[in-house]
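Chain order of the listed sequences is W and P.
Under the numbering used here, the first residue of the first sequence carries the number 6, and numbering increases by one thereafter.
Under the numbering used here, the first residue of the second sequence carries the number 7, and numbering increases by one thereafter.
If you are wondering where the hints come from, they were derived from the structure by calculation, not from laboratory data.
Hints should not be assumed to be uniformly reliable.
Derived DSS-like pairs: lysine-lysine, alpha-carbon spacing no greater than 25 angstroms straight-line [what the hints assert, rightly or not]:
#1 P:Lys63 with W:Lys7
#2 P:Lys77 with W:Lys47
#3 W:Lys72 with W:Lys7
#4 P:Lys77 with P:Lys63
#5 P:Lys89 with W:Lys7
#6 W:Lys47 with P:Lys15
Now the stretches of chain P that chain W is said to cover, found in silico as 3 or more residues with beta-carbon under 8 angstroms [to be verified]:
#7 20-33
#8 44-52
Backbone N, C-alpha and C fix where the C-beta goes; we use that ideal spot for every residue, glycine too.
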Amino acid sequence: QKEVEQDPGPLSVPEGAIVSLNCTYSNSAFQYFMWYRQYSRKGPELLMYTYSSGNKEDGRFTAQVDKSSKYISLFIRDSQPSDSATYLCAMNRGSARQLTFGSGTQLTVLP
Amino acid sequence: DGGITQSPKYLFRKEGQNVTLSCEQNLNHDAMYWYRQDPGQGLRLIYYSQIVNDFQKGDIAEGYSVSREKKESFPLTVTSAQKNPTAFYLCASSTFVHEQFFGPGTRLTVL
Chain W
6 QKEVEQDPGP
16 LSVPEGAIVS
26 LNCTYSNSAF
36 QYFMWYRQYS
46 RKGPELLMYT
56 YSSGNKEDGR
66 FTAQVDKSSK
76 YISLFIRDSQ
86 PSDSATYLCA
96 MNRGSARQLT
106 FGSGTQLTVL
116 P
Chain P
7 DGGITQSPKY
17 LFRKEGQNVT
27 LSCEQNLNHD
37 AMYWYRQDPG
47 QGLRLIYYSQ
57 IVNDFQKGDI
67 AEGYSVSREK
77 KESFPLTVTS
87 AQKNPTAFYL
97 CASSTFVHEQ
107 FFGPGTRLTV
117 L
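Here chain P stands alone, though its shape is the one from the complex:
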């Protein structure tokens, strides 16, 4: 089955800790995206990547980092510099920007 997987489903972070969220796709899409969703605020773009070894900052990149070493994988690290990381994180991939397919999401909670 083709699709996007995200892991873990739930993640808990202590203050000052870095955590990494996994995103894998087998749709052969070139572009991948990371969004953050907070209640009542829709989706906000953190980072996106159009090709391997290249990525661009989105609207809210501060406190986050990414890598794109393989076409299938686009992990997101939430660093200790992100002061309010509790949110629902969504990964997406696409061939065309207007046809993005989303994974099931990771819910991150700061303890």
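Looking at chain W on its own, in the form it has when it is part of the complex:
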């Protein structure tokens, strides 16, 4: 079983919809939770990170961490065609020097 599980999709939504992307994990030692966006044939870019539990908001994006359920989410409000990409979650134990990535969810926002 993988330490981080992520539904690969693909997920298609109409423009303006609220998108919910999710990851589950098994290692309770994870403390930092990241979301990356990767456009086709490009390197990932860091959207946001959260330390421990709680919510973090940045514009149309909200990251949510529920450590009791070992479940993290990324919400995208008012989705745009430019949001069409693969979204990768990643996690870190804090003391470790490496990240553990989910396999990514491919999102398409239809105009």
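Dock chain P against the given chain W, drawing on the hints supplied.
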């Protein structure tokens, strides 16, 4: 402009050949990383380096080698011992492990 550059963008390797992928950063980051990305498998860590002249194996180091002679540079050599090297290779750098910044990637294909 600060950032990470990778070259070449596309690389073709013949059987039994060693090839070297370049990664340069001008972000003044201490740590640098090499990942491999295969379809549907997310990112897997090959090697990482926290300081000059020091590097550590990641999860899939077999068949790869690295050097870190300068802070700005972290080249990756894919040796002939790597039996399935066709993949998308990503270099990253960071000050903090949970804030990694990625380059544009190199797509390696074995002929």
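Hint by hint, here is what the structure shows:
1. P:Lys63 with W:Lys7: 20 angstroms, holds
2. P:Lys77 with W:Lys47: 24 angstroms, holds
3. W:Lys72 with W:Lys7: Holds, because 17 angstroms separates the two Cα atoms, which is no more than 25 angstroms.
4. P:Lys77 with P:Lys63: 18 angstroms, holds
5. P:Lys89 with W:Lys7: 23 angstroms, holds
6. W:Lys47 with P:Lys15: At roughly 10 angstroms apart (the allowed maximum being 25 angstroms), P:Lys15 and W:Lys47 satisfy the hint.
7. 20-33: The restraint on the segment 20-33 of chain P is violated, since only 0 of its residues have a Cβ under 8 angstroms from chain W and three are required.
8. 44-52: holds (count 6)
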